[in-house]
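Residue numbers (this note's numbering), protein chains in the order written: chain D, 1 to 245; chain P, 1 to 419; chain B, 1 to 592.
The set of hints was computed from the structure by calculation and includes no laboratory data. Please read these numbers as outputs of a predicted model, since none were measured by experiment. Mixed in with the good hints there might be a few duds.
[Unchecked claim] In silico DSSO-like cross-links for lysine-lysine, where the CA-CA straight-line distance does not exceed 30 Å:
#  : chain 1 : residue 1 : chain 2 : residue 2
1  : B       : 584       : B       : 212
2  : B       : 212       : D       : 185
3  : B       : 488       : B       : 212
4  : B       : 204       : D       : 177
5  : B       : 503       : D       : 185
6  : B       : 503       : D       : 167
7  : B       : 204       : P       : 62
8  : B       : 79        : B       : 503
9  : B       : 531       : B       : 204
10 : D       : 78        : D       : 30
11 : B       : 584       : B       : 531
12 : B       : 326       : P       : 62
13 : B       : 267       : P       : 62
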Amino acid sequence: MTIRRRDLLTGTAVALVGERLAKADVISGKLPWHPDAGSPPQLVRAGRWEFFTGEEVAAVEALVDRLIPPDPQTPGGKEAGCAVFIDRQLAGGYGHQEGLYNLPPFHDGVEQQGPQSEKGPADLYRAGLAALQHYCRAQSGNGHGAPSFAELATERQDEILGGLESKAITLEGVDGKKFFEQLLKDTMQGFFADPVYGGNRDMCSWRMIGFPGARYDYRDWIGRHNERYPYPPVSIGGRREWTPS
Amino acid sequence: MPERPHRFTPALALALLAGGCMSRPARADQQPAGQDFAQVERGRYLATIADCAACHTDGRSKDQFAGGRPIETPFGKVLAANITPDRETGIGNWSDSEFDAAVRLGRRPDGSRLYPAMPFPYYTRMSQADVRAIRAYLSTVPPVRHEIHADQLPFPFSIRASMWLWDSLYFDPGSFKPDSSKSAQWNRGAYLVRGPGHCAACHTPKTGLGGDRTQQPLQGYSLQGWFAPDISGDTAFGLGDWSVEDVVAYLKNGHNRLAAASGPMAEEVADSSSRMTDADLQAIAVFLKNVPGPSQVAASLSPQDRQMVAGAAIYRDLCAACHQQDGSGVAYLIPNLARSSSVASREPTSLLRVVIHGAQSVGTAGEPTAPAMPSFGWQLSDEQIAAVATFVRNSWGHAAPATTASVVHKARPLDSAGG
Amino acid sequence: MGRKLPPQDVVIVGLGWTGSILANELTDEGLTVVAIERGPWRDTASNYAPNYAQDELRYRIRHELFLRPSQTTFTFRNKSSETALPIRTWGAFMPPNGVGGGGVHWNAETWRFLPSDFVLRSHLTQRYGARFLPADMTIQDWGVTYDELEPHYDRFEYLCGTSGTAGNLRGQIQEGGNPFEGARSRPYPNPAQQQPFGATLFAKGARALGYKPFPQPSGNMSQAYRNPLGVRLGPCSYCGFCEWFGCANYSKASPQTTILPVLMRKKNFQARDNSEVTRINVDPTGKRATGVTFVDRNGTEWEQPADLVILAAYTIFNVQLLLLSKIGAPYDAQSNSGVIGRNFTHQTISDCTSFFDKSKFVFNPFIASGAIGMCIDEFNGDNFDHGPHGFVGGGYMGQVQTNGRPIETTPVPPEIPRWGARWKEAVRDNYQSSLKPGTGVHGSMYSYRDVYMDLDPTYRDRLGRPLARITMDFHDNELKQNRFLTDKFAEIFRAMGAQRVVKEYRKAPYDITQYQTTHLCGGAVMGTDPKSSALNRYLQSWDVPNLFVMGATAFPQNAGYNPTGTVAALAYWSAEAIRTRYLKNPGPLVHA
């Protein structure tokens, strides 16, 4: 299996099911190996949205940009590609809880028994974003012309997010707090994960904190105490300096 | 059992195969060699050095020496013969002198010529006594009925007679003649390398017609998607930097403190040299280190060269975690690039193959770890691989022409013969 | 029963650490051995190569190297009175899957238990009196002593190239090592790893408070190493992608890097991957195992007959298989009868996060290995007088931070919001100048009547078998222990000059969503009395003498250390008994 280094517009980057299963034959005599063995991640590229619809896109981009606002030094969630990350994750196995135990019966347990949801994140976003839009429109009077979440002022957007987080605001038909927690978790993961997954564009979060990314050799630095590591971050997809200029 | 790659023998610019199988009517003067145990045992050992099984045993079957394994040539496939003692489909009917003529003169009992897919130009250096011992050993293996229909090559390549031209250019028959000015150990090494070991079959550059370039003995050759490196005593490109112990350890265990055997050489180590005596391996080492090298010293590319700069970045980010920032690797585990003849070789074939597709080094009883290099072909573009190849081939004292993206591109498909 | 395969001398369920150790030992004895592994074959260059292994999302967050709950999982409740629900996604622990098992993605912290840990009930009773122990605490002596296991600890450490500084060499306390450890016969095979700034600062702070810090014993190589089997490992490069991840440059001890290259070359050994053992088969007397039944990747059922069965799967699966195969009396918590499922334990973990002046401290937290760190052992086991404190047990503590991976490790002070501009600023300001060890306080969990395993009545796996059910909650003893230890831990960070130390005590109820190590232990424990143990002191089943059960399953209670060193030592100890005694005379090795 040769994985070509090509950019894929379909960005189901993370294989939840795990690497390709080997044949269940008997293994003996030597360590198995074949050329091009392995299951590298697939590079996500921004482009066509896979999961979110037009109105949803505007809302999600606005949401991630409040959770992680832009500032002069570092992009916010939108420019960092967090919405792209979430879009590709939801379009893939993650969206429908692939690999998790999804057999019934489903009962709500206590918090320490963990999530017991029959529906996965994809359903939660669909319902949550719709309910959020409904909430926003209802807040500002009726019907046409009422602003959607994306059109609200940032202070108002922050208020709504804070209200969902504290449960001061509830949404119709959807657990608003649960939706908020899912969104927060996914946004943060998109911000800090390797850029091959669509977020953390140009390794902006890693530059922000000084995390060198996918580097693997610090033998010449382990003994250098209290001295900032100077090299720029690297992604699994590489960095600019890898290509001759 | 892992599937073995098809064999490709380089001296096959004219390699064609006549038809038919090996059977002939019985003759009165055919006598198999005596069953003296010491001779049979000696023959078994020599057959290991000559690595008859590499071609004559099809890895997919368990029948030793029963032939049928395809050997890749530029013109098509040649099938190795059945050399078990079967009287109809093997060589059970042959006399000892007929066997000797095949191995050392490239002639079949009916007088037709063998193609140098069978490395008789090297086996000719063996003594008659050694070949007789091999015959004695082969007579003891179980006879296997396996008819080989070898004719797979199209006209005009099907004419064996044309081999007379090749033979007249490149075939120098006759047993090895010791050099009295050299030690017994050197002479033993020369015999093994030039004769049964047939190292030059892969490691000596070839002419357009597939004959050895005898002015450049053992200075490297490209085949099966790999570059069999320079194994002369040259310090820049060959084994000059290796001690005799290094050479012995490599041949015996597949690993020494600097390098690891992978690809076709992994098979060679596993099937042949790991089973040779230490004394013979030392003789080979002494001989090889005394083979003169190309002695060309070029200048390395400047570190400011744009490919070198990019290659250095890739090397630090991707390669140093195993091969170390200074290229020294980890003795017996990760090859030492700074002192690797494979890295510095005339052609970057092996280096590119390993970077693009990965490679598993051989596991032997002495060195079982068998570490593998992962593949980077999915991750790096042609330009990037060219940059890092140029970087390692011009660092730590190495010097080589820059590698281009188009060379990398051509190296991407796995050779169907190589596997 | 499925199609029958040709019989083997030995069948081993699971090819992780103990499966690989037993396979190598028993093939050396000339026996034919087949190991059946539920998950896939794994190998360094093919499955965790150094150009994509360092992926936090894939391996730490999405748990790709671990068992998929869709393949099988467990149910969980705190108390017997509650209804257990499935663990639909992992949190508190991460069961391994695949060849190499947990040995692929562990962090290689390689400890020995204390001598007193093995005779815990006797020791504590003698020192504090029986009434000092809670009435429902079911701790037991193991039936084997530290001295008996010492050569086997040594063997595992030399197999792995463990990097460390000895603290007690043949009774002589050594400077720089752990002064509390049991005596070892010889030094570690490799010197301790180098330590990053945060760890050396912790050691300094600990020394200032009168403690004796030492480097954590590490299965990440401090230098290139060749083990006694001839297998070679390379030097660790402190990459910071250790636990949860496979090691891409052959520098973490695992079955792949220490045993499998030799084992796979043997003609009398075979491995099957992607094959799940569903049952241990016993003959009509119920006293003799005849082999195992397994299901291959295509769902086809097979029977593998064998003379000797070694159960070498992860703790919970060992116990579940015993229950499903009806071997041994299942534990019933109400009546306190039976043994299979009893004495089930985990670990009591907590942490401190500390914040330093960013103009004075730069920690480079991403430069680390899995078993890096400086630790103190003053508060482990019975190394201190528990009399005034009203609890038993303890743990090591240390600045054992293994990573600076940003999804997991971007600490901010607790009053900072979890999102927004202030959050972003706090992340930026604190990343390089904060310390978050992770499992910084690594405390014991002792065993109790109402903490156990059994089979769930409702939920089933994809093959229709009942899931294992875990009933677990914290007891006051462990919560007190943890409070005490965490307070001591925080003092050290203050002594290091932290501006702010945030304590994160372990609190009840036991929460399946919070990661607390994968050190689940017990359920089929070893002992001297078949009424309170499932295995004798050689890990041989009391009920079925040709069945041996490896792993932390045998621990009657868990100590304040990572279990793998002890798991491996017991495996070698058991293998020796099988080789030198059982094979010559198959039958019970101990008559109770």
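Results of checking the hints against the structure:
no. : hint           : verdict
1   : B:584 to B:212 : violated (47 Å)
2   : B:212 to D:185 : violated (40 Å)
3   : B:488 to B:212 : holds (14 Å)
4   : B:204 to D:177 : violated (44 Å)
5   : B:503 to D:185 : holds (23 Å)
6   : B:503 to D:167 : holds (27 Å)
7   : B:204 to P:62  : violated (65 Å)
8   : B:79 to B:503  : holds (27 Å)
9   : B:531 to B:204 : violated (49 Å)
10  : D:78 to D:30   : violated (50 Å)
11  : B:584 to B:531 : holds (28 Å)
12  : B:326 to P:62  : violated (44 Å)
13  : B:267 to P:62  : holds (15 Å)
Violation of the numbered hints given earlier is confined to hints 1, 2, 4, 7, 9, 10 and 12; the remaining hints are satisfied by the structure.
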